Structure formats: C-alpha cells, structure tokens
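Novice: The chain contents come next:
There are 6 protein chains.
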Amino acid sequence: MHPERREPAYLFTEKQVADKSETARRFLDTRTRLNVNVEHADNFLVKRFYNLDHNAYMEGSLPAKYKELMGLVASACLRCDDCISYHVIQAYRLGVTRPEQEEALSIALIVGGSIVVPHQRRAYELLTELYG
Amino acid sequence: MHPERREPAYLFTEKQVADKSETARRFLDTRTRLNVNVEHADNFLVKRFYNLDHNAYMEGSLPAKYKELMGLVASACLRCDDCISYHVIQAYRLGVTRPEQEEALSIALIVGGSIVVPHQRRAYELLTELYG
Amino acid sequence: MHPERREPAYLFTEKQVADKSETARRFLDTRTRLNVNVEHADNFLVKRFYNLDHNAYMEGSLPAKYKELMGLVASACLRCDDCISYHVIQAYRLGVTRPEQEEALSIALIVGGSIVVPHQRRAYELLTELYG
Amino acid sequence: MHPERREPAYLFTEKQVADKSETARRFLDTRTRLNVNVEHADNFLVKRFYNLDHNAYMEGSLPAKYKELMGLVASACLRCDDCISYHVIQAYRLGVTRPEQEEALSIALIVGGSIVVPHQRRAYELLTELYG
Amino acid sequence: MHPERREPAYLFTEKQVADKSETARRFLDTRTRLNVNVEHADNFLVKRFYNLDHNAYMEGSLPAKYKELMGLVASACLRCDDCISYHVIQAYRLGVTRPEQEEALSIALIVGGSIVVPHQRRAYELLTELYG
Amino acid sequence: MHPERREPAYLFTEKQVADKSETARRFLDTRTRLNVNVEHADNFLVKRFYNLDHNAYMEGSLPAKYKELMGLVASACLRCDDCISYHVIQAYRLGVTRPEQEEALSIALIVGGSIVVPHQRRAYELLTELYG
Numbered sequence: 001m002h003p004e005r006r007e008p009a010y011l012f013t014e015k016q017v018a019d020k021s022e023t024a025r026r027f028l029d030t031r032t033r034l035n036v037n038v039e040h041a042d043n044f045l046v047k048r049f050y051n052l053d054h055n056a057y058m059e060g061s062l063p064a065k066y067k068e069l070m071g072l073v074a075s076a077c078l079r080c081d082d083c084i085s086y087h088v089i090q091a092y093r094l095g096v097t098r099p100e101q102e103e104a105l106s107i108a109l110i111v112g113g114s115i116v117v118p119h120q121r122r123a124y125e126l127l128t129e130l131y132g
Numbered sequence: 001m002h003p004e005r006r007e008p009a010y011l012f013t014e015k016q017v018a019d020k021s022e023t024a025r026r027f028l029d030t031r032t033r034l035n036v037n038v039e040h041a042d043n044f045l046v047k048r049f050y051n052l053d054h055n056a057y058m059e060g061s062l063p064a065k066y067k068e069l070m071g072l073v074a075s076a077c078l079r080c081d082d083c084i085s086y087h088v089i090q091a092y093r094l095g096v097t098r099p100e101q102e103e104a105l106s107i108a109l110i111v112g113g114s115i116v117v118p119h120q121r122r123a124y125e126l127l128t129e130l131y132g
Numbered sequence: 001m002h003p004e005r006r007e008p009a010y011l012f013t014e015k016q017v018a019d020k021s022e023t024a025r026r027f028l029d030t031r032t033r034l035n036v037n038v039e040h041a042d043n044f045l046v047k048r049f050y051n052l053d054h055n056a057y058m059e060g061s062l063p064a065k066y067k068e069l070m071g072l073v074a075s076a077c078l079r080c081d082d083c084i085s086y087h088v089i090q091a092y093r094l095g096v097t098r099p100e101q102e103e104a105l106s107i108a109l110i111v112g113g114s115i116v117v118p119h120q121r122r123a124y125e126l127l128t129e130l131y132g
Numbered sequence: 001m002h003p004e005r006r007e008p009a010y011l012f013t014e015k016q017v018a019d020k021s022e023t024a025r026r027f028l029d030t031r032t033r034l035n036v037n038v039e040h041a042d043n044f045l046v047k048r049f050y051n052l053d054h055n056a057y058m059e060g061s062l063p064a065k066y067k068e069l070m071g072l073v074a075s076a077c078l079r080c081d082d083c084i085s086y087h088v089i090q091a092y093r094l095g096v097t098r099p100e101q102e103e104a105l106s107i108a109l110i111v112g113g114s115i116v117v118p119h120q121r122r123a124y125e126l127l128t129e130l131y132g
Numbered sequence: 001m002h003p004e005r006r007e008p009a010y011l012f013t014e015k016q017v018a019d020k021s022e023t024a025r026r027f028l029d030t031r032t033r034l035n036v037n038v039e040h041a042d043n044f045l046v047k048r049f050y051n052l053d054h055n056a057y058m059e060g061s062l063p064a065k066y067k068e069l070m071g072l073v074a075s076a077c078l079r080c081d082d083c084i085s086y087h088v089i090q091a092y093r094l095g096v097t098r099p100e101q102e103e104a105l106s107i108a109l110i111v112g113g114s115i116v117v118p119h120q121r122r123a124y125e126l127l128t129e130l131y132g
Numbered sequence: 001m002h003p004e005r006r007e008p009a010y011l012f013t014e015k016q017v018a019d020k021s022e023t024a025r026r027f028l029d030t031r032t033r034l035n036v037n038v039e040h041a042d043n044f045l046v047k048r049f050y051n052l053d054h055n056a057y058m059e060g061s062l063p064a065k066y067k068e069l070m071g072l073v074a075s076a077c078l079r080c081d082d083c084i085s086y087h088v089i090q091a092y093r094l095g096v097t098r099p100e101q102e103e104a105l106s107i108a109l110i111v112g113g114s115i116v117v118p119h120q121r122r123a124y125e126l127l128t129e130l131y132g
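So the sequence lines, in the order shown, correspond to chains A, B, C, D, E and F. Each residue of the first sequence is one higher than the last, beginning at 1 in the numbering used here. Each residue of the second sequence is one higher than the last, beginning at 1 in the numbering used here. Each residue of the third sequence is one higher than the last, beginning at 1 in the numbering used here. Each residue of the fourth sequence is one higher than the last, beginning at 1 in the numbering used here. Each residue of the fifth sequence is one higher than the last, beginning at 1 in the numbering used here. Each residue of the sixth sequence is one higher than the last, beginning at 1 in the numbering used here.
Derived by calculation from the structure, the hints in this document are not laboratory data. Predicted, not measured: the structure shown is a model, and the values here were computed from it. Please note that the accuracy of each hint is not assured.
[What the hints assert, rightly or not] Across the chosen pairs, the derived CB separations fall in these ranges: (1) F:Thr97 x D:Asp42: 52 to 62 Å; (2) C:Glu39 x D:Glu22: 42 to 52 Å; (3) E:His40 x F:Glu4: 19 to 29 Å.
[Unchecked claim] Chain B regions said to be covered by chain E (calculated; three or more residues, Cβ under 8 Å): (4) 109-116; (5) 123-131.
Note that CB positions come from ideal geometry on N, CA and C, so glycine has one too.
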C-alpha cells in the first residue's frame with residue numbers, strides 16, 4: 001500500500017542555488033560548517049534522527065516537491081528562519097515555482113498569524129533572489 | 001502569474017463523512033454549534049479572517065488537496081486536535097488517500113517531535129474510521 | 001515613577017459569575033478543587049510564583065481591566081483554554097464590556113492565526129453565557 | 001454596539017522614533033526595505049492579511065494605545081523580537097509611558113516564563129533609548 | 001566515550017501504577033487502545049520514530065530517572081498533558097520521589113510561565129494519587 | 001520533606017568559561033551589558049522573577065547539575081539560543097561532561113523535532129569550544 005520511498009530528482013545542485021542567491025549561500029555555508037562539527041561528534045541518536053528526517057521528504061505516496069512545501073509550512077508556522085531557508089531551497093531545487101512557494105507561505109501566514117510576518121518577509125527576499 | 005483561485009470539487013459532503021466516522025461527527029457537530037454563536041456575534045474582524053482563511057485553501061497554483069495536507073501538517077506541528085480533525089476531513093473529502101495522509105502526518109512528526117505523538121495517535125483513530 | 005500596586009475593585013464575585021455561566025462554573029469548580037491539592041503540597045517555588053502572578057495583574061500604571069485583557073490575549077495566542085476562561089472571567093468581573101473582550105480576542109486571532117480559531121469559538125460561547 | 005474603527009492619532013512619526021533610537025532605526029529600515037519587496041510581489045492573500053492586521057489595532061472599543069500593548073504582550077509571549085520592537089515603537093508613538101510598557105512586558109514575562117527574559121532584555125534596551 | 005545504552009530497571013509495572021491512580025489508569029488504557037491502532041497501520045517512519053524515542057530515555061551517560069524528568073520538563077514547557085502523565089508515571093516507576101518530581105515541574109513552571117499552571121495543577125493531582 | 005535549597009559549587013567561573021570559548025564570551029558579555037540596563041530600571045516584578053528563576057536551579061532534592069540540564073532541555077525545546085548557551089555554560093561550570101550534555105540535547109531533539117536541529121548545531125559548536 002505504501003510505495004517505495006526513493007530519492008527525488010533535483011533540477012539544481014546546492015552550488016547552483018548558492019550561485020543565484022547570496023542569502024542561500026550564507027545559509028548553506030554556515031549549515032555545512034556546523035554540520036561538519038556535528039558529524040565529528042558522531043552521536044548515535046543524532047545520526048539516527050538525521051537519517052529519519054532525510055527519509056521523511058523522499059518521493060513516496062506524496063511527490064517530494066509537495067513534501068518540501070509541507071516542511072516549509074511547518075517551518076514558517078514554528079518560525080524557524082533556517083528551516084524556512086532550507087525548505088525554500090529544496091523546493092526550488094525540485095522545480096517548485098514562485099507562485100507555489102508563495103501559496104504555501106500564505107497557508108503558514110493564515111495558520112500561524114502575524115507572528116509569521118517577519119519570517120515571511122525574509123523568505124520573500126530569498127524568493128526574489130532565487131526567482132528574480 | 002497567479003492563477004484564479006476557485007472552489008475545490010469535493011467528492012464527499014460533510015454529512016457523508018459524519019456518517020462514516022463517529023469522531024468526525026462529534027467534531028463537526030460541535031464546530032457547527034459553536035460557529036452559529038460566533039456568526040451571531042457578527043464581528044467584523046472575525047468574519048474577515050474566516051473569509052481569508054477560506055481563500056487560503058482554494059484551488060490555485062497548488063492543488064487544493066495538497067493545501068489541505070499543508071494545513072494538516074501545520075495543525076499537527078502546532079498541536080491543535082480540532083484543526084487536525086478539520087484538515088483530515090477536508091483532505092478526505094478531496095480524495096486524498098490514507099497513505100498520503102500518513103505521509104503528511106509523518107512530516108509533522110519529524111518536524112514537531114514526540115510532542116506530536118498523542119495528536120498523531122488520535123488522528124490515526126480518525127483515519128481508521130474514515131478509511132477502514 | 002512606578003505607582004503603588006493595589007488590588008482592583010471587582011464588580012462581581014466569582015460566585016456571581018458561576019451563577020450566570022455554566023461554563024464558568026465548571027472551570028471555577030475544577031480550578032478550586034485542583035488548587036486545594038496544590039496548596040496542600042505547600043511547594044515554596046509554586047507559592048512564590050502564584051504570588052508573583054497575582055501581583056502582575058494588580059492596578060498599577062495600567063488599569064487592571066486592560067491587564068486582564070493582556071492576559072487574555074497572551075492566553076489565546078498561547079492557546080490555553082483554562083487561561084482564556086480565567087481572564088475572560090476576571091475581565092468580566094472588572095466591568096469589561098463584550099465588545100472590549102471581542103477586540104482583545106481579535107488581536108489574539110490576528111497575531112496567533114487560525115490555530116486560535118477553535119479557542120476563540122469556545123471563548124465566544126463563554127462570552128454569550130456571561131453577556132447574553 | 002461596536003464603535004467605528006478609526007486611525008489613532010500618533011504623537012510621533014516613525015522618523016522621529018528613528019532619530020531617538022538606533023535600535024529602532026535599524027528595525028524600521030530593515031522592515032521598510034523588506035516590505036518594498038513583499039509589496040512588489042503583490043500577493044492577494046498577503047495584502048488582505050496586512051490590511052486585516054492594520055485594522056486590528058485601530059481605535060475602537062479599546063483605545064489604540066492598549067491595543068498596541070496587547071500586541072506587545074502577544075509578541076513577547078510568542079518571542080518575536082521584530083514584533084516586540086514594532087509594538088514598543090507603536091505604543092511610544094501613541095504616548096504610552098515607560099512604566100506602562102514595563103508593566104505590559106511583566107505580564108508577558110509571568111505568562112511566558114524565563115524563556116521571555118532574553119527578549120525582555122533587548123526590549124529594555126530599546127525602552128532606554130526611547131525614554132532615556 | 002558514550003556508554004552503552006541499556007534498558008532501565010523499573011521498580012513498578014504499568015499495571016501497578018494503574019492500580020494506584022485512576023488518572024494514570026485512564027491515561028494508560030487510552031494510550032494502549034490508540035497504540036494498537038497505530039501499530040496496525042504499520043507505518044515505517046512512525047515505527048522508526050517510536051524506536052528512536054524509546055532509545056532516548058535509556059540508561060546512558062545520564063541515569064534514566066533524570067532523563068524521564070527531562071522529558072517531564074520538556075512536556076510541561078510544551079504543555080502536553082498526555083506527555084506529562086507519561087513521564088510522571090515513568091519517573092515514578094524508576095523510583096523518583098515526589099519532591100524530585102515537584103522540583104522538575106517547578107523548573108518547567110519558571111521556564112514556561114503561568115501558561116504551565118493549569119497543566120501543573122493536573123500533574124499535582126496525579127502526584128497525589130501516586131504518592132499519597 | 002523538601003531539603004534546604006543551597007547554592008551549587010561551581011568548578012569554573014564565568015570568566016574561565018569565556019576564556020575557553022569565544023561563543024560563550026560573546027553571549028556572557030552581551031548578557032552582562034543588557035542586564036546592567038535591566039537592573040537600572042529597577043522593576044519590582046522583574047527583580048522578583050529573576051530571584052525566583054535563580055532559586056529554581058539551586059541544589060535541592062535534585063542535584064544542581066541535572067537541574068541545569070533540565071533547563072537546557074526546556075530551552076532547546078522552546079528554541080531559545082540564549083537560554084541554551086546559558087544552561088550549557090552553567091552545566092559545564094558544574095562539571096557536567098560532554099556526553100551528558102549531548103544526551104540532554106538528544107532528548108530535546110526527540111521531544112521537539114527537527115525544528116530543534118539548527119539550535120542543536122549551534123549548541124554543538126559551543127560544546128566543541130568548551131570540551132574540545
């Protein structure tokens with residue numbers, strides 16, 4: 001009943017995203033640097049959690065692009081700028097259009113309220129850098 | 001660039017959902033009863049907000065069924081049982097399958113953590129009543 | 001610069017509120033019963049915190065009625081039904097009108113988003129019982 | 001029953017606030033810059049939400065100055081620095097005194113707990129810049 | 001560097017806890033009933049997450065009893081009654097005393113604020129049933 | 001039944017911590033600077049709250065080192081970087097080992113979900129600076 005999970009096919013690499021957007025580059029560089037340190041710690045539970053997290057967004061019953069947008073909505077509602085940047089970038093890499101990203105962010109705005117507005121403002125800056 | 005928003009085509013009425021699931025019936029009946037009281041208050045801002053909320057889930061760049069699942073992910077991350085019931089029911093009415101609902105709930109579980117577990121348990125009970 | 005804090009003058013007792021509203025009565029009775037148990041535990045930090053909490057809502061630079069509405073807005077944004085009931089009742093006891101309560105709840109709705117809606121629905125039921 | 005909503009009368013412009021406080025200036029400049037980008041996107045739901053948000057803080061049954069303090073309490077409880085800065089500035093522009101701002105922040109501290117402390121520290125810095 | 005994780009040694013079974021406390025029995029019975037339904041769904045990600053969740057509370061560098069109290073503090077701060085009941089019961093089964101449980105709950109109260117109070121009241125009722 | 005609360009015995013001063021970690025130094029310096037301003041405001045409720053907050057982490061039924069880790073778990077679940085830094089430093093000063101800190105952070109990760117990941121990454125950087 002549950003289809004096989006499989007890796008999604010990305011249209012762009014992280015490097016291509018970083019070349020388009022300075023905001024994305026800063027986020028990706030910081031994340032890479034901090035993750036090297038986390039990996040070096042080699043914590044069993046953290047590694048297991050990261051693996052589970054990776055699995056949750058693979059192609060399955062739901063297309064990966066919509067899963068990334070679900071991650072974006074969750075991140076915006078819970079107001080995590082890093083998480084928002086991550087899922088905007090992932091969705092972009094999977095071919096999600098700007099209007100689709102905006103609609104997902106609008107759901108987060110309605111569900112989460114005006115407290116989401118400052119995060120949405122910053123997300124829109126990233127959208128403009130990525131989509132022009 | 002933004003397509004026209006339009007009402008989605010539901011496969012089932014709320015009454016049909018209530019006939020399948022006792023949990024859904026209780027939720028829908030309470031919601032209807034309390035909404036009558038809210039409507040009677042006739043508050044300008046509340047009515048405007050409800051209208052905006054309705055608009056956010058219409059067919060647009062994103063199919064309505066994925067928007068309802070985004071609402072579900074947001075509701076589960078923010079841990080609102082009523083909101084979870086509402087979006088599970090709406091998604092069901094739009095033809096979303098059980099594996100699709102489960103995948104959305106799994107994203108909420110990974111993003112929101114074990115604090116989501118009790119809400120997911122109750123959501124699975126509703127899923128079983130609806131999908132058997 | 002800071003005026004003396006002093007107890008506000010209530011227009012109604014908790015008993016009068018309970019006589020008007022069944023929802024208020026159930027909340028007040030449960031709260032009283034559970035508080036007897038907490039008091040019996042006689043925990044130093046809990047008693048100190050309760051005292052501080054009591055102080056925060058006294059008449060001061062801000063009139064107590066607006067402080068209770070601030071507590072209401074905070075409670076609705078953080079989505080705590082018991083806290084909402086408490087502050088609606090306290091505001092009522094201080095002579096706050098229904099339109100004033102509704103405006104405070106609307107600020108919570110805009111700041112906190114649709115996730116506040118189910119709590120607002122229940123709050124409106126309490127408002128109708130109290131104000132008719 | 002509900003009075004007409006109307007624009008509040010500000011005692012100070014945003015420019016006057018920015019001239020008094022470097023923290024306020026940085027916040028207002030960034031907000032203006034990012035909002036230009038959001039406006040350019042011309043998203044229907046976002047514009048509607050901003051309009052609703054604006055309406056919620058107008059003079060009504062409750063004086064605008066207390067509404068801004070309610071927005072401040074909500075922002076501090078939900079721990080959004082940008083939102084806190086915004087409402088501190090708006091309240092200042094409406095003639096709210098420093099003791100009144102501090103009392104609102106204390107309610108947020110008691111309701112929201114020590115997790116509010118770092119935000120309160122930053123808010124006090126802004127208060128000192130504005131009120132001396 | 002990280003010691004082996006291993007199952008903690010419980011002093012009491014869940015059944016013994018249920019026999020002491022009606023509140024615990026209701027929680028445990030509902031949880032068991034709903035978990036049967038979740039297990040029947042046999043969702044890969046859910047099973048993996050439950051396994052990870054189980055691992056996080058095993059004896060390790062930190063004694064299991066303090067880990068359960070950390071879970072209790074997290075649950076109270078995030079205001080999840082089911083999670084609070086679960087960790088109070090687990091801590092009780094591991095020999096945690098009532099004063100230790102109260103101190104953990106007081107940390108949650110200070111970090112999380114008065115919004116934690118209604119949950120703490122209900123937790124104290126469970127404590128009284130368990131410890132007399 | 002409740003033992004006397006008493007100040008814990010620190011193995012390291014804040015200055016020694018700042019000398020080991022640049023991240024800790026920046027946090028401690030900013031906190032000191034902002035706290036001078038808060039103290040100058042001399043707000044009754046704030047001072048009372050700070051005092052209560054201080055009391056909650058003293059040696060009592062629970063050893064202070066586990067209380068600091070409980071504060072860490074709460075801070076990570078509620079996603080407050082300043083609070084995380086504070087409790088990591090306090091725990092370090094009380095002789096908590098790196099594996100103990102990591103286990104506490106893993107509980108926060110499981111309870112709070114992937115939204116905790118960016119905060120955990122930054123916490124691990126601080127851990128590496130402190131413990132090498």
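Novice: At the C-beta level, are glutamate 39 of chain C and glutamate 22 of chain D separated by a distance inside 42 to 52 Å?
Specialist: 49 Å, holds
Novice: Do the Cβ positions of histidine 40 of chain E and glutamate 4 of chain F conform to the proposed distance bound of 19 to 29 Å?
Specialist: 52 Å, violated
Novice: Does 52 to 62 Å hold as the CB distance between threonine 97 of chain F and aspartate 42 of chain D, or does it fail?
Specialist: Once the Cβ atoms are compared, 55 Å apart, the range 52 to 62 Å for aspartate 42 of chain D and threonine 97 of chain F holds.
Novice: Under a C-beta cut-off of less than 8 Å, do 3 or more residues of the stretch 123-131 of chain B approach chain E closely enough to confirm the stated coverage?
Specialist: holds (count 4)
Novice: Can the stretch 109-116 of chain B be counted as covered by chain E under the rule of three residues or more with Cβ-Cβ separation shorter than 8 Å?
Specialist: With 4 residues close enough to chain E, the hint holds.
Checked against the numbered hints given earlier, the structure breaks only hint 3 and satisfies all the rest.
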